[in-house]
Amino acid sequence: MPSRIYEWLDTRLNLKPVQRTLLDEPIPGGASWIYVFGSVTLFLFVLQAATGMFLALYYAPTPDHAYDSVRFIETEVTLGWLVRGLHHWGASAMVVAIGLHMLQTFLYGAYKSPREVMWMVGVMLFLLVMTFAFTGYLLPWDQTAYWATQIGINMVGTVPLMGDFASRVLRGGEILGALTLSRFFAIHVLFLPAILIAGIAIHLFVLRRVGPAGPWTDERASLSAETFAPRQVYMDAVVIAGVFLAVAALAISIPLPLTDKANPSDTSFVPVPEWYFLFYYELLKYVHGPLEPVATWVLPLCVILIMLFWPFIDRNPVRNPIRRPVALGGGILFLLVVFGLLGISIKNLYAVPRADPSVARGRAIYAQLGCVGCHRIHGEGGAVAPDLSAVGDTRPDREWHVKHFRDPQSVSPGTFMPKFPLSDEQLHDLTSYMLSLKRAT
Amino acid sequence: MGHVEQPDEQPGGGFSTPVGSRRTFFHWVTAAAAGLVGLGLAIPLFSTLISPALRRRRRDWVDVGAIDDLPSGQPRQLDHVTSIRDGWLETTSRKAVWAVKQPQGGITVFSPICTHLGCGYRWDDSEQKFLCPCHGSSFDVNGQVVGGPAPRPLDTLPSKVEGGRLLVMYKDFKSGLPRSVET
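Listed in order, the protein sequences are those of chains A and B. Using our numbering, you'd call the opening residue of the first sequence number 10 and step up by one each time. Using our numbering, you'd call the opening residue of the second sequence number 94 and step up by one each time.
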């Protein structure tokens, strides 16, 4: 049936030449799994566009309602949490896919003549995607979104002469507020998609004019060639399906809780950017004082310009990576720096003591033993025994607590605190809970 | 695959595009992958689209006052504040209902909207009738039409008494129809 419809349309619209143009493009050296990343990136863009459209059914881009509308998507809309999860992880996947796509292009020297324009358009597409990520991050209007964006815009402000003006244009005025949110929303869902689609069209147009680069040696390229369909299409489709399943698995298994609603007066909040900005976040920690502008704009600008004009900097016509030691070394060094910083940043983030599971277990033991009958924590519980609201400050000594739980009389003679038969592990957990009780909390 | 394949590569260059059953295999895997992704996306996206249509407005019992305050056989307008959920918005609005304690002890609660075209009516003590100011419909104490263009008796609202308090479930009805139809 579909083929009959196709035939019917073909006799009227003459589709066969279009089909040949789209599918019968020759690939020098034949199809390969290494060529899939461009298609994967394009698929992820379509995924982002589709999920984004459906999120926009509910999202309200004003400070009054943005947070509540995202929470509504998360908790009330049927499978809304899944669509939001796909959009979130789809963004991460897109950054990974672009990274691999650029890496493959770099390794194969596919940016070299005559494909310089394709590379430059590609770099601009990459920058557009990062702008997508930056503008999208603000939209949930929670604390993380608000403060991360605050920092991002302040960095723009460090650019001399035009920085202050540029940051005010970005914010839509002096403060990060209603005007910022509505313009970030408009940029994210209207301006950027339009520009990105045009960019993709140019990128693909150039690809079709110059053709794919194929293997890095002409001998291998000339050995065989095959059309884009069916084998490259099949490879692209298989990897795309795998990527989709991975993104869906992440969206299903890792919930994306909102932090508290954005509170401009709470300056104590420490935001953490998305993982793909972490290397840069880490870099900024090392640069202070007069050197700070170097990190906030000189370095990024240089990296962007080098990336953009890379085909003209690397003028070696050879494509084989083994015979391009300087370019390859430079690329490896760049990746080492980026991933090194990313690694350090992740390590630092996880070194911060987060919720210790033993604290939660200790709290459960506290409830189970009925400690609340005599002790009081933040106004809850009896008043016959000491108030424990800040016992972590008043008695920070772990050993004391362990001894005290084993035999209260040994450290506090005359106390009416009973002995409780606790295992070593339970003693440890209960003590962890005691030590977590501090004035600040 | 056990079948005889066309040579995958032709020495000396040229196209080595798969043909025959190999081509069919690639075609089917591609179609399966596209189907998987399409279906995997269509289900959540379509669900979010139709989600609000699947939800009926939840109605709660609202406390409108003490039954002891109601005089027997004499309608009383009872005001209450009700909260309305509209997506992520929650607004409160003041609603009124008319309650009549029957001589036998039961309580009838009327929607405050005239069944003709949706105006608010009032109780006239001297005439012992509900009078609608818009087009002159009138109803007796039991809500039956006694005059004017109203097509049906006043709409009654579900009510119950708990702990001496009158609880009402507020509803809206379509006006102008011969029978009560909830909106």
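Hint data in this document are derived by calculation from the structure and do not stem from the laboratory. Every residue, glycine too, gets a C-beta built ideally from N, C-alpha and C. Don't take every hint at face value.
Chain B regions said to be covered by chain A (calculated; three or more residues, Cβ under 8 angstroms) [said to hold, decoys possible]:
| # | region |
| --- | --- |
| 1 | 165-175 |
| 2 | 179-188 |
| 3 | 197-207 |
| 4 | 264-270 |
Residues from chain B that keep clear of chain A, each with C-beta distances beyond 10 angstroms, as calculated [as the list claims (entries may be wrong)]:
| # | residue |
| --- | --- |
| 5 | A127 |
| 6 | L129 |
| 7 | V130 |
| 8 | R152 |
| 9 | L210 |
| 10 | K222 |
| 11 | P226 |
| 12 | Q237 |
| 13 | V238 |
Here are the simulated distance ranges between beta carbons [as the list claims (entries may be wrong)]:
| # | chain 1 | residue 1 | chain 2 | residue 2 | range |
| --- | --- | --- | --- | --- | --- |
| 14 | A | I160 | B | H173 | 47 to 57 angstroms |
| 15 | A | D77 | B | H173 | 46 to 56 angstroms |
| 16 | A | V27 | B | G131 | 29 to 39 angstroms |
| 17 | B | F118 | A | P266 | 27 to 37 angstroms |
| 18 | A | W17 | B | T185 | 40 to 50 angstroms |
| 19 | B | P145 | A | G251 | 29 to 39 angstroms |
| 20 | A | D77 | B | P226 | 38 to 48 angstroms |
| 21 | A | L267 | B | P271 | 45 to 55 angstroms |
Results for each hint:
Taking a C-beta to C-beta cut-off of 8 angstroms, the region 165-175 of chain B contributes 0 residues in contact with chain A, too few for the three needed, and the coverage statement is violated. Three residues within the 8 angstroms Cβ limit are the bar, and the region 179-188 of chain B against chain A gives 3, so the coverage statement holds. Only when three residues or more bring their CB closer than 8 angstroms to a CB of chain A does the claim for the region 197-207 of chain B stand; here the count is 0, and the claim is violated. With 0 residues having a beta carbon nearer than 8 angstroms to a beta carbon of chain A, the region 264-270 of chain B misses the requirement of three or more and the stated coverage is violated.
Against chain A, the non-interface label of A127 of chain B is violated: not every CB pair exceeds 10 angstroms, the least being about 6 angstroms. Listed as outside the interface, L129 of chain B is inconsistent with that label: its C-beta sits roughly 5 angstroms from the nearest C-beta of chain A, within the 10 angstroms cut-off. For V130 of chain B, the shortest C-beta to C-beta distance to chain A comes to about 5 angstroms, within the 10 angstroms cut-off, and the non-interface label is violated. Under the 10 angstroms C-beta cut-off, the non-interface status given to R152 of chain B relative to chain A holds; the minimum distance is some 17 angstroms.
A cut-off of 10 angstroms between C-beta atoms confirms that L210 of chain B is not in contact with chain A; the least separation is 34 angstroms. K222 of chain B, annotated as away from the interface, keeps every beta carbon of chain A farther than 10 angstroms; the closest lies near 45 angstroms. Every C-beta of chain A lies more than 10 angstroms from that of P226 of chain B, the closest at about 38 angstroms, which supports listing it as non-interface. Its beta-carbon lying about 42 angstroms from the closest one in chain A, Q237 of chain B satisfies the requirement of being farther than 10 angstroms from that chain.
With a cut of 10 angstroms on Cβ distances, V238 of chain B stays outside the contact zone with chain A, its closest approach being about 42 angstroms. Here the CB-CB span from I160 of chain A to H173 of chain B is close to 48 angstroms, well matched to the stated 47 to 57 angstroms. Between D77 of chain A and H173 of chain B the beta carbon distance is about 25 angstroms. The supplied range of 46 to 56 angstroms is therefore violated. Here the CB-CB span from V27 of chain A to G131 of chain B is close to 22 angstroms, at odds with the stated 29 to 39 angstroms.
F118 of chain B and P266 of chain A have their C-beta atoms about 44 angstroms apart, which leaves the hinted 27 to 37 angstroms range violated. At roughly 60 angstroms, the beta-carbon separation of W17 of chain A and T185 of chain B lies outside the given 40 to 50 angstroms, and the hint is violated. For the hinted restraint 29 to 39 angstroms between P145 of chain B and G251 of chain A, the CB-CB distance of approximately 34 angstroms keeps it satisfied. As the Cβ distance of D77 of chain A to P226 of chain B is approximately 40 angstroms, the hint placing it in 38 to 48 angstroms holds.
The beta-carbon spacing between L267 of chain A and P271 of chain B, approximately 50 angstroms, falls within the hinted interval of 45 to 55 angstroms.
Violation of the numbered hints given earlier is confined to hints 1, 3, 4, 5, 6, 7, 15, 16, 17, 18; the remaining hints are satisfied by the structure.
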